[in-house]
Amino acid sequence: MIVADKKPIEEIIQEIKDYQKILLLGCNECVTVCEAGGKKEVGILASALRMYFLNQGKEKLIDEITLERQCDHEYLEEIRDRIDSYDAVLSLACGVGVQFVADKYGSTPVYPGVNTCFLGATEKRGLWTERCQACGQCILANTAGICPISRCAKRILNGPCGGSTNGKCEISKDLDCAWQLIIDRLKAMNRMDDYEKLADIKDWSSDRAGGPRKVVREDVQE
Amino acid sequence: MRLSYPASIKIIRVPCTGKVDVIHILRSFEKGADGVYVVGCMEGDCHYNQGNFRARKRVEQAQILLDNIGIGGERVRMCNLSSSEAPLFVKYANEMFDKIIQLGPNPIKLAKKKIKPIIREGAL
Amino acid sequence: MSLKTESKLEKILASGNLAVTSECGPPRGSDPEAITEKANLIKDHVDAINITDNQTSVTRMCSLAACIRLKLMGLEPVLQMVTRDRNRIALQSDILGAASFDIHNMLCLSGDHQSFGDCASGQNVHDLDSMQLIQTVRRMRDEGKFIGGDEIKRPPKMFVGAAANPFADPFEIRVARLAKKVAAGAEFIQTQCIYNLDKFEKWMKGVRDRGLHEKVHILAGVTPFKSAGMARYMKNRVPGMDVPDAVVKRMADTPKEKQAQEGINICVESIQRLKEIDGVHGFHVMAIEWEEKVPEIVERAGLFPRPVI
Chain A
1 MIVADKKPIE EIIQEIKDYQ KILLLGCNEC VTVCEAGGKK EVGILASALR MYFLNQGKEK
61 LIDEITLERQ CDHEYLEEIR DRIDSYDAVL SLACGVGVQF VADKYGSTPV YPGVNTCFLG
121 ATEKRGLWTE RCQACGQCIL ANTAGICPIS RCAKRILNGP CGGSTNGKCE ISKDLDCAWQ
181 LIIDRLKAMN RMDDYEKLAD IKDWSSDRAG GPRKVVREDV QE
Chain B
1 MRLSYPASIK IIRVPCTGKV DVIHILRSFE KGADGVYVVG CMEGDCHYNQ GNFRARKRVE
61 QAQILLDNIG IGGERVRMCN LSSSEAPLFV KYANEMFDKI IQLGPNPIKL AKKKIKPIIR
121 EGAL
Chain C
1 MSLKTESKLE KILASGNLAV TSECGPPRGS DPEAITEKAN LIKDHVDAIN ITDNQTSVTR
61 MCSLAACIRL KLMGLEPVLQ MVTRDRNRIA LQSDILGAAS FDIHNMLCLS GDHQSFGDCA
121 SGQNVHDLDS MQLIQTVRRM RDEGKFIGGD EIKRPPKMFV GAAANPFADP FEIRVARLAK
181 KVAAGAEFIQ TQCIYNLDKF EKWMKGVRDR GLHEKVHILA GVTPFKSAGM ARYMKNRVPG
241 MDVPDAVVKR MADTPKEKQA QEGINICVES IQRLKEIDGV HGFHVMAIEW EEKVPEIVER
301 AGLFPRPVI
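Residue numbers (my numbering), protein chains in the order written: chain A, 1 to 222; chain B, 1 to 124; chain C, 1 to 309.
Please note that the accuracy of each hint is not assured.
What the hints assert, rightly or not - Reference listing, derived: stretches of chain A covered by chain C, where coverage requires no fewer than 3 residues with Cβ under 8 Å from a Cβ of chain C:
1) 146–158
2) 169–182
What the hints assert, rightly or not - Listed below are the simulated EDC-like cross-link pairs for lysine to aspartate or glutamate, each with C-alpha atoms no more than 20 Å apart in a straight line:
3) K6(A) <-> D34(B)
4) K116(B) <-> D63(A)
5) K114(B) <-> D34(B)
6) K6(A) <-> E35(A)
7) K60(A) <-> E30(B)
8) K6(A) <-> D67(B)
9) K180(C) <-> E196(A)
10) K104(A) <-> D72(A)
11) K6(A) <-> E60(B)
12) K31(B) <-> E64(A)
13) K21(A) <-> E30(B)
14) K226(C) <-> E299(C)
15) K40(A) <-> E30(B)
16) K21(A) <-> D81(A)
17) K39(A) <-> D21(B)
18) K116(B) <-> E59(A)
19) K19(B) <-> D63(A)
20) K109(B) <-> E59(A)
21) K180(C) <-> D184(A)
Hints were generated in silico from the structure; no laboratory data involved.
Every residue, glycine too, gets a C-beta built ideally from N, C-alpha and C.
Sequences and hints are given; from them, build the entire structure.
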């Protein structure tokens, strides 16, 4: 899923302080799972913002709506008949949701309520870690199911570098060395011979480097 | 024992403090409460194992948030006692009461009186 | 191994002599004398001088410019190049630039992570990794082709090196990793600083068991300690460094005013023991901001005078 983190409330206050009627728009998908922008977080943020502005002597109308998804036309259409009654939208979806609101409702100011962080997994409640950088050309078949692009600080395709110590990365003792993990898995699968296969120079054109990407599937288009 | 505690304290019963969420605490302040304290079972004695630990975390979250928005995190507190400790219950109630007297009323309550509410036109 | 380049380092290694290299870190400024002064301290005692490439991710004068300074002095530079800061266009372009000044040696590295340096909030590139950089420069030299496949007019004649850290984890793949670098095209290896000689000997045995010592020239890396504090720092704070307790203790047990000399003693003793290891073809003496001690180390280790090629 897409993992996001809360923005400091001071930053949010700066974003929206000049508007009077504000819609806080949550999303039921990834940001709900990572407890950054679901219905619950929308409620808490709305309450806190109302109190903050009241305390500043400013009355604001702060409404809360949480959509099934903000990255889908179908769900985002649900606010079409109400959108014009707000001066601004604070979207607690990932960056995709924020932009989809902006695309769809051209004249409504929209602000991000979270920091979108990475594609990752829930290790346990309150701990999410990165697993994928969406490079567009998956190499996991060659790396024992562990991605050095997202999990090695130098995205080294022929690792580990000389900084791997006791299974940890040189940049932090809290960070596993991705190549140690790869080697452990290769051993467990009795595939250590694969370690010596040189990984080719990667074609990054399917990555961010190639410009904004698209997946076109004519076979399923209507 | 027929002990008495300040009459201004309104008790809201929950099945377990694990039910109390940050939003409940915030809403209490929005509605004009001057302080909120959550009274849970002794740590380690939760019937649901984690309930009172969760409550403590949420109280801490609410404290940070209330500090950030200028209401004051000190208005929220977590206490733990067992059901047979009436004198301790009274002690915590008095402590909270004294704290609130010292801090004064919830600024939101005062601010609300001064402000003309926005008339809703269509939204929701 | 027949000669592939004009490199003096390659010639010395091919002749069967033990090679001696050292390194200079470029200054954090534009004063050319910072490089030439350091080089003058060591030039008669080493065969080639590495110029580090923004080591520990601290911004410095570029390695290429500093290498050109050495070249202008008639010395033999080893251009260090990390994949952290440049994409494949910039890397290939700098290789050509170096070749245009007849710089004949290159050391291919991934580079320390930028979080260690003065630009921790910067991007890193890592378009290629160090192995792929080795492959790239070999292909540029041997096939006269860019990564993109186009032909190079006057291909760069680089003697290609790589680093090896026998002490990083996991130890069991350290020989395999060297084999991978050799397969990628590395012709000489400069190792991480060696303090744990037992472990290094174990690694070298693995290297010989696979016959790698016949395919690549291994230069053993040594760094003298200036003080007991430096020994402790290297042991505890530098990633991938293996300093045995006994070495730290030997430094710590030495009176403060004699520690620097003891550090040099340890270094010289290490070289003498390393000389006996089959497959060690030379030494890379990294006297960090202590270049003036390189001549003493080289002389006491019996590596002076340097052969004339």
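#### Entry: Hint consistency between K19(B) and D63(A) [alpha-carbon to alpha-carbon, up to 20 Å]
violated (24 Å)
### Message
Check the hint pairing K226(C) with E299(C) against an upper bound of 20 Å on the C-alpha distance.
### Response
Holds: K226(C) and E299(C) sit about 18 Å apart, inside 20 Å.
### K6(A) paired with E35(A) [C-alpha distance capped at 20 Å]
holds (8 Å)
### Task
Starting from K116(B), check that the Cα of E59(A) is at most 20 Å away, please.
holds (7 Å)
### Pairwise hint evaluation, E64(A) against K31(B), where the allowed Cα distance is 20 Å at most
The hint holds at about 17 Å.
### Query
Given the hint that K6(A) pairs with D34(B), does the C-alpha gap stay at or below 20 Å?
violated (27 Å)
### Message
Need the status of pair K6(A), E60(B): alpha-carbon distance at most 20 Å?
### Response
The hint holds at about 16 Å.
### Message
Run the distance test for K60(A) versus E30(B): straight-line Cα separation, threshold 20 Å.
### Response
holds (13 Å)
### Task
Would you check chain C against the segment 146–158 of chain A, counting CB to CB pairs closer than 8 Å, and say if three or more residues qualify?
holds (count 6)
### Task
Compare the distance between the alpha carbons of K180(C) and E196(A) with 20 Å, and conclude whether the hinted pair is satisfied.
holds (6 Å)
### Query
Given the hinted pair K6(A) and D67(B), is their alpha-carbon gap at most 20 Å?
holds (17 Å)
### Query
Mind checking, does the segment 169–182 of chain A have 3 or more residues with a CB under 8 Å from chain C?
holds (count 4)
Going through the hint list in order, the structure does not satisfy hints 3, 19.
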